[in-house]
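*Asks:* Top line first, the protein sequences correspond to chains A and B. Just so you know, the numbering used here puts 15 at position 15 of the first sequence, and the rest follows in order with no gaps. With the second sequence counted from 1, adding 393 to any position gets you the numbering used here.
Please keep in mind that the hints were generated in silico from the structure rather than gathered at the bench. Incorrect hints may appear among the rest.
[To be verified] Simulated crosslink set (DSS-like; lysine-lysine; CA at most 30 Å straight-line): (1) B:Lys-557 x A:Lys-18; (2) A:Lys-277 x B:Lys-464; (3) A:Lys-289 x A:Lys-4; (4) B:Lys-555 x A:Lys-4; (5) A:Lys-18 x B:Lys-464; (6) A:Lys-289 x A:Lys-381; (7) A:Lys-18 x B:Lys-561; (8) B:Lys-557 x B:Lys-584; (9) B:Lys-577 x A:Lys-4; (10) B:Lys-464 x A:Lys-4; (11) A:Lys-18 x B:Lys-560; (12) A:Lys-18 x B:Lys-577; (13) A:Lys-368 x B:Lys-464; (14) A:Lys-282 x B:Lys-464; (15) B:Lys-584 x A:Lys-4; (16) B:Lys-560 x A:Lys-4.
[As the list claims (entries may be wrong)] Interface residues of chain A toward chain B, partial, derived using beta-carbon atoms under 7 Å: (17) His-60; (18) Met-176; (19) Thr-275; (20) Asn-278; (21) Asp-360; (22) Val-361; (23) Gly-362.
Keep in mind it's a predicted model, so treat the numbers as computed, not measured. Where a beta carbon is used, it is the ideal one built from N, C-alpha and C, also for glycine.
Listed below, chain by chain, are the residues.
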Amino acid sequence: MAQKVAITGNEAVALAMKQINPDVVAAYPITPQTEIVQIFSTYVNNGLIDTEFVTVESEHSAMSATVGAASAGARAMTATSANGLALMWEIVYIAASNRLPIVMPVVNRALSGPINIHCDHSDAMGARDSGWIQLWSENTQEAYDNMIQAVRLAENPNVQLPVMVCMDGFIISHAMENAEVLPDEVVREFIGDYTPQKTLLDKENPVTAGPLAFTDSYFEFKRAQAEAMIQAKPYVLEVAREYAKVSGREYGLFETYKLEDAEVGIVVLGSTAGTAKNVVDKLRGQGFKAGLLKPRVFRPFPAEELATALGHLKALAVMDRADSFNAFSGPLFAEITAAMYDSGAQTKIVNYIYGLGGRDVGLGDIEKVYGHLARIAESGKVDQRLNYLGVRE
Amino acid sequence: MESLLEVRWHGRGGQGAKTAALLLAESASDAGKFIQAFPEYGPERMGAPVQAFTRIADEPITMHCHVTNPKIVVILDPSLIGGSVDVTAGVPEDGIYVINTGATPQEMRDKLGIKTGKVFTVDANQIAMDTIGRPIPNTPMLGALIKVTGMLELETLLEDTKNKLSKKFAGRPKIVEGNINAIKKAYQEVKGE
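Produce the complete structure using the sequences and hints provided.
*Replies:* Below you can see the structure in the form of structure tokens.
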């Protein structure tokens, strides 16, 4: 029987890791780590699971040890956040290019400087081109569910890619919310035993991992890696369908909220999507046709599906909790706009950078964005493409 | 969302504002409510002003913004009143204040500088000293809170606190028992105007 609990995001993810019972977890046990590995380490210490828990001397080493363990054929995980992910950088790319099915929760927090510990998406957005699949979570329930699905997805022989499970720092990681968790045996049966296709410890079938590949072969490796991401999308949906059977909760590439007949809409990731749903309800009550789309899968980027879901809108705001500092737009805006252009949609699109360093995004802030969209829908003109929400200027 | 009830906890680092916010949410969840509870994280240190929040509703809570207009304010340390944090900020006219102090509700109303709302007081520090042996006011304040708001049954809160603290203080049953008695005592002793 599934159990209804009141649980924080960190507790939910640590519980998922306990139920997954990975062979190896390597982590750097100090700030900027998260409560996730702290809680998880108590499970190991109390003998509830038999994971080999490796405390290393930095986040760079945490990812290195995880890559080593995964290369040896282990189901290996770590967890990270903000500057910790930044320090892993070099090895994050290697994990993906070596096609290692590592699952890593990322508690999204701002990168320094100035020093800040609060939520934004600059850490995971910075890693968007590293070759990892990215699943984003609105609340503790989704963080838990994404963790369990991530294992199946990463280890699917047709995918073989590492997966980041993103959740908003503090807003979700440290907030207690209602969630429904599965029994241990259901999770274990769902993820199954891991049988790696190739391992460094298989002396009957020796392989080389991480060799030199120069001008005559590097490009072919990268092309094959790109193809793996291109092919991953149907498996995201296949795992989601399987997960719905055991959990009763359905997931897709993204979630739409009152979008089908909407005239204006917002695209936003993570916890703010939940806040925005309240605003959509309020505006709908006033007869204003507002809608919402919350991406779940950012890598692979579901361009065609997004364009199909959004193409009927008169005006759209893409909200980014990270800035690209490219004098143009945030990362999500750039990709959504490219997808919409390709589809021939006539939707007018603006970008809102919001919530950097944990700046609160209230109901009134979101209402302002919809107000802006109403003006654009009426005039048919974009007055200002790049906007900053809730900042003093 | 009409059923939404929002509580803001004011305390100082070390007084257990976060624990109280989460305990209340957990108890409400066990009683079948939808909940959210979270602290405001800043440069915490012993004695610095801290805030925590609890949301309780009859339907799922999807908003993830700050609590800006709490109907209920719990003040764990009366010395915060008139200080750098405005404890009355955003509180509606029918707001409820529950304050840890030996003073009367009328005296605290004057200090708060408010004409509307309801003010309740309870000497949670003294109760905590008598029952737990340390001036940690968070659990007695929970007892006072549920008494004046009726938001939760006493038995539910006692049961949940026992479960939660038994895990946190495994092998130290006196602390758990002290907290239970503290809740009961504050439930009885809280005073209105």
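*Asks:* None of the hints should be skipped; say for each whether it holds.
*Replies:* Against the structure, the hints:
Between B:Lys-557 and A:Lys-18, the direct Cα distance comes to roughly 20 Å. Compliance with the 30 Å bound is thereby established for this hinted pair. Our distance criterion of 30 Å between C-alpha atoms is met by A:Lys-277 and B:Lys-464, whose separation comes to about 22 Å. Our distance criterion of 30 Å between C-alpha atoms is broken by A:Lys-289 and A:Lys-4, whose separation comes to about 34 Å. Taken as a hint, the B:Lys-555 and A:Lys-4 pair is honoured in the structure, with Cα atoms around 19 Å apart against an allowance of 30 Å.
A hinted pair counts as satisfied when its Cα atoms are at most 30 Å apart, and A:Lys-18 with B:Lys-464 does not qualify at roughly 38 Å. For the proposed pair A:Lys-289 and A:Lys-381, the alpha carbon gap of about 19 Å is at most 30 Å, so the pair holds. For the suggested pair A:Lys-18 and B:Lys-561, the alpha carbons sit about 19 Å apart, so the restraint of at most 30 Å is met. With a C-alpha separation of about 28 Å, the suggested pairing of B:Lys-557 with B:Lys-584 holds against the 30 Å cut-off.
Restraint check for B:Lys-577 and A:Lys-4: satisfied, since their Cα atoms lie roughly 27 Å apart, inside the 30 Å limit. For the suggested pair B:Lys-464 and A:Lys-4, the alpha carbons sit about 27 Å apart, so the restraint of at most 30 Å is met. The suggested pairing of A:Lys-18 with B:Lys-560 holds, with an alpha-carbon distance near 18 Å, which does not exceed 30 Å. Distance hint between A:Lys-18 and B:Lys-577 is unfulfilled; the C-alpha atoms sit about 37 Å from each other, more than 30 Å.
The suggested pairing of A:Lys-368 with B:Lys-464 holds, with an alpha-carbon distance near 25 Å, which does not exceed 30 Å. Proposed proximity of A:Lys-282 and B:Lys-464 is supported: the alpha carbons are some 20 Å apart, at most 30 Å. A hinted pair counts as satisfied when its Cα atoms are at most 30 Å apart, and B:Lys-584 with A:Lys-4 does not qualify at roughly 36 Å. In summary, the hint linking B:Lys-560 to A:Lys-4 is supported, as the alpha carbons are separated by about 19 Å, within the 30 Å threshold.
Here the hint on A:His-60 is broken, as its CB sits about 26 Å from the closest CB of chain B, past 7 Å. Proximity of A:Met-176 to chain B holds as hinted, the smallest CB-CB distance being about 4 Å (cut-off 7 Å). Of the supplied interface hints, the one on A:Thr-275 holds, with its beta-carbon coming within about 5 Å of a beta-carbon of chain B, less than 7 Å. For A:Asn-278, the shortest C-beta to C-beta distance to chain B is roughly 5 Å, which falls under 7 Å, so the interface hint holds.
Because the smallest distance between the Cβ of A:Asp-360 and any Cβ of chain B comes to about 5 Å, under 7 Å, the interface hint for this residue holds. A cut of 7 Å between beta carbons decides the hint on A:Val-361: the least distance to chain B is about 6 Å, and the hint holds. Against a cut-off of 7 Å between C-beta atoms, the interface hint on A:Gly-362 holds, since the closest Cβ of chain B lies about 5 Å away.
In summary, the structure is inconsistent with hints 3, 5, 12, 15, 17 from the numbered list given earlier, while agreeing with the others.
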